Amino acid sequence: MPRPTVVCWNCREPVGGAVCPGCDKLQPPPKVDHFALLGLERRWGIEKKAVEVAWRKLARTTHPDRFAGRRAVERRMAQQWTARAQDARTVLKDPHRRALYLATGTPDLPEQGGPDVGPAFLETAFELQMAARFGEDGVAERVEALASEQQAALEAALTAWDSGTGTLDEVPALIARLRYLRTARGLAREAAQNS
Amino acid sequence: MANIGIDLGTTHSLVAVVLSGTPRVLLDDDERSLLPSAVRVGDDGVPKSVGYPALASASEPGGTTFTSFKRFMGRGAADVAAEAALFRYQLVDDDQGMVRFQVGPRTINPVELSSFVLRLLHARAEECLFARPDGAVITVPAYFDDAQRQATRDAARLAGIPVLRLLNEPTAAALAYGLDKAQDGQRVAVYDLGGGTFDISILELSDGFFQVLSTAGDTKLGGDDFDQALARLLLNQAGQTNADGPTFRTAVRAAEAAKRALTDTDHTLIQVELGGQKIEAGLDRGTFEQLITPIVERTRGACLQALEDAELTPADIDEVVLVGGSTRVPLVRRFVGELFGRPPHAELDPDKVVALGAAIQADLLSGSSDLADDLLLVDVLPLSLGIEMMGGTTERIIPRTTSIPATASQTFTTHVDDQTHVSVHVVQGERELAKDNRSLAHFKLGIPPMPAGMPRVRVEFSVDADGILKVSAEEEHTGAAATVDVQPSYGLSDDEVEQMLDDAIDHAEEDIDERLLIDARIEGEQILHSLRKALATDSDLLEGEEAGAFSTLADDLEAALAGTDRRRIQDLGDRLDQLTAPFAQRRIERDLARAIHGRMADTVADKLGLDEA
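Chains as they are written, first to last, in the working numbering: chain W, 121 to 315; chain E, 690 to 1302.
Accuracy of the hints is not assured; some may be wrong.
To be verified - Negatives, chain W to chain E, calculated, CB over 10 angstroms:
| hint | residue |
| --- | --- |
| 1 | Gly136 |
| 2 | Pro215 |
| 3 | Pro239 |
| 4 | Phe241 |
| 5 | Gly258 |
| 6 | Asn314 |
Said to hold, decoys possible - Pairwise CB distance ranges (calculated):
| hint | chain 1 | residue 1 | chain 2 | residue 2 | range |
| --- | --- | --- | --- | --- | --- |
| 7 | W | Asp153 | E | Leu993 | 35 to 45 angstroms |
| 8 | E | Leu708 | W | Asp144 | 22 to 32 angstroms |
| 9 | W | Leu242 | E | Ala771 | 51 to 61 angstroms |
Claimed, not checked - Below, a list of computed lysine-lysine pairs in the BS3-like style, where the Cα atoms sit at most 30 angstroms apart:
| hint | chain 1 | residue 1 | chain 2 | residue 2 |
| --- | --- | --- | --- | --- |
| 10 | W | Lys177 | E | Lys1159 |
| 11 | E | Lys967 | E | Lys1124 |
| 12 | W | Lys213 | E | Lys1159 |
| 13 | W | Lys169 | W | Lys151 |
| 14 | E | Lys1159 | W | Lys151 |
| 15 | W | Lys177 | W | Lys151 |
| 16 | W | Lys145 | E | Lys1159 |
| 17 | E | Lys1133 | E | Lys1159 |
| 18 | W | Lys145 | W | Lys177 |
| 19 | E | Lys1124 | E | Lys1159 |
| 20 | E | Lys909 | E | Lys1041 |
| 21 | E | Lys909 | E | Lys1124 |
For the record, the hints were derived by calculation from the structure and aren't laboratory data. Only a predicted model underlies this, so the values are computations on that prediction, with no experimental measurement involved. A virtual CB, placed ideally from N, CA and C, is assigned to each residue, including glycine.
Input sequences plus hints: build the corresponding full structure.
Below you can see the structure in the form of structure tokens.
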């Protein structure tokens, strides 16, 4: 992953990585996205394992323990690196958060005023939640069927985007729908346990 | 130069260092590795002794011997009142900040007490290494919260020791066992039952990465509880239910001795005098185990919690490591073996394993270790960090088990028009209500008056590799932002630390002066001694006025040695050394000539085949 050319804060040599090739000083973390920070391609289809490996590689070179004997400025940068890397790692390891991050730039749905999931879906979801709360027969199956439908649509959109076709416009709404269904699933499980 | 590893324990502390690739625990002058974490403070408020002498005088009048003060680190008076009563310590309770103990005219806090222990260990290392160590890795229980970690750092600062890293004790133990050398992806449970704290940690070691997956524990559970349970039994038998401090401590010591005896034997005899009443009682292991079973059982919940947090079952654990002197108790070993379904590691001395690991980490941090490129310790946050919301609920900002260092931020707004400030209450813990969690800090951020809901207050948490938190807050719209560094509620304010540091430095200067004086005296005496020896054998080599000049200067030096003027001793020593240099040169030349002559004579004798007459 190419980074913009910057110069070392200490010796003014051009640097491309975390550490200056000229004077071996740690550089501040670049203002790049989670993918670029970990040196990963900006796409949805990434294995958890690959994120972990990339994170380890970065942590190995930038963790504060590597700079224990250095001056405070480098130790502080090391801390920023590790914190950034940790943030990138937790977001990118979670498929839904990774998808939202690609689609909107933030890994989480807003607490209020989330994406429009459509009035028809909303009606179905509330109906399912009510049915779940009262422990109606077959409700769990209906929830699962709808969830896998939405999940399939989500994956199709993301896979298509990975291969260069389509947009991520539907992604936030699909994930919001899955969240409604997760609530219904929880209620169904609770009702089943209580009976 | 060398970095040292320090295990600052509840009942005892150790210092270790890696020498030629091997970690070693450093010994005191009497070849003991453990330094009891005990400080004797006289009724005049002056610290008298640290370690064994402090313990030995525990039941004497005229002062208080503080032990187990690690339990009080970073705690407020209200948190620890019950415990302080248990130890018969006199708390100062007028106080908002960290707990303080009253001794005679002054007060002393756990940070100061800890700093005495650290200072002594540091001095021990300096003596063993013939040089001042560069820095130290100090271990803390994985479960220590922010205030307790801060307090540990403050103690080191007070002792003048640069801290390279606070290391979680279980991580240190796994390092000491070299479990990193085993195959990838192995899970290790570290069961650490010390004197006053219990920790269970689940670690994953893979690809040179040590990651703490989860930790749980109880900062108020340990071998001390075994002793106290048995001591109460003894006191009951002696009819001493309201024992005073010294009597109570005598009972605790008798109980501790019995506990140790029962590690290797099935039966022991307790003989102790309590409040004038002689007690002689036989105790068998079975009875003792019955007494302590409820205490040992209290560790089960934390073990299961740690497994659950790591999303593992006991069968997923590959290795179990025992740490802490209390794991010598046979019942504890059986309990751990049964819980995890495998015999625990106990090859290393459970008292030393943490210090050894700390030394390894200290060596890694020096950058000169061969292992440094392959190994990295990545710890996690032991308890969630958050802030109190409207209605008293807790909003988590950084969840527990997040790898650290880490940062996270959240944006909040106001609920009332024209608020001129927002109060931020930082808490640590897993409970839903803020009041049930540990209060870390309160601070206020001034903001320009705006309608309710308008301000956007961004609170940022950042946790460093030691698990220590910094919080800053900012109002985003106006940019009229204040950044606030948080002072822990139960910590020491910077002013307090500075004051204590000033006091300590005053003493340190006295210490150093005394030390230099001793060094100067030794050197001066050596110069005098060798001059006298030389004059006795080689006075024929003296030339001109030398004899008189030497004896005048030597007399002056001898007089100076009786005084305390270090510079005069050094000065006279140097002058005498210079003045006698030509004489010394003549002596060396003559010795050399004699040696050559002697060898020639030998050679001749050899050739002639003569025996020495």
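Evaluation of the provided hints:
1. Distance check for Gly136 (chain W) against chain E: the nearest CB is about 21 angstroms away, which clears 10 angstroms, and the non-interface claim stands.
2. Remark: the non-interface label on Pro215 (chain W) is consistent with the geometry, its nearest Cβ contact in chain E lying 18 angstroms away (cut-off 10 angstroms).
3. At roughly 28 angstroms from the closest C-beta of chain E, the C-beta of Pro239 (chain W) stays outside 10 angstroms, upholding its exclusion from the interface.
4. Non-interface call for Phe241 (chain W) relative to chain E: holds, since the shortest CB-CB distance, roughly 29 angstroms, exceeds 10 angstroms.
5. At roughly 31 angstroms from the closest C-beta of chain E, the C-beta of Gly258 (chain W) stays outside 10 angstroms, upholding its exclusion from the interface.
6. In this structure Asn314 (chain W) is separated from chain E by more than 10 angstroms, as the shortest Cβ-Cβ distance comes to about 22 angstroms.
7. About 40 angstroms separates the C-beta atoms of Asp153 (chain W) and Leu993 (chain E), a value consistent with the hinted range of 35 to 45 angstroms.
8. In this structure, Leu708 (chain E) and Asp144 (chain W) meet the distance hint of 22 to 32 angstroms, their C-beta atoms being roughly 28 angstroms apart.
9. The hint said 51 to 61 angstroms for the Cβ distance between Leu242 (chain W) and Ala771 (chain E), and at roughly 54 angstroms that hint holds.
10. Distance hint between Lys177 (chain W) and Lys1159 (chain E) is fulfilled; the C-alpha atoms sit about 27 angstroms from each other, no more than 30 angstroms.
11. For the hint linking Lys967 (chain E) to Lys1124 (chain E), the alpha-carbon distance of about 48 angstroms lies beyond 30 angstroms, and the restraint is violated.
12. Restraint check: the Cα-Cα separation between Lys213 (chain W) and Lys1159 (chain E) comes to about 27 angstroms, which is no more than 30 angstroms; the hinted pair holds.
13. Taken as a hint, the Lys169 (chain W) and Lys151 (chain W) pair is honoured in the structure, with Cα atoms around 24 angstroms apart against an allowance of 30 angstroms.
14. For the proposed pair Lys1159 (chain E) and Lys151 (chain W), the alpha carbon gap of about 22 angstroms is at most 30 angstroms, so the pair holds.
15. Simply put, Lys177 (chain W) and Lys151 (chain W) have alpha-carbon atoms about 19 angstroms apart, close enough for the 30 angstroms limit, and the pair holds.
16. With a C-alpha separation of about 25 angstroms, the suggested pair Lys145 (chain W) and Lys1159 (chain E) falls inside the 30 angstroms cut-off, and the hint holds.
17. Taking the CA atoms of Lys1133 (chain E) and Lys1159 (chain E), the gap is near 15 angstroms; set against the 30 angstroms cutoff, the hint holds.
18. For the hint pairing Lys145 (chain W) with Lys177 (chain W), the CA-to-CA distance comes to about 18 angstroms; that is within 30 angstroms, so the pair holds.
19. Pair hint Lys1124 (chain E) plus Lys1159 (chain E) holds up; C-alpha atoms about 21 angstroms apart against a cutoff of 30 angstroms.
20. Between the alpha carbons of Lys909 (chain E) and Lys1041 (chain E) the distance comes to roughly 21 angstroms, so the proposed pair stays at or under 30 angstroms and holds.
21. A C-alpha spacing of about 20 angstroms is found between Lys909 (chain E) and Lys1124 (chain E), which places the hinted pair at or below 30 angstroms, so the restraint holds.
Against the hints set out earlier in the document, a violation occurs for number 11 only.
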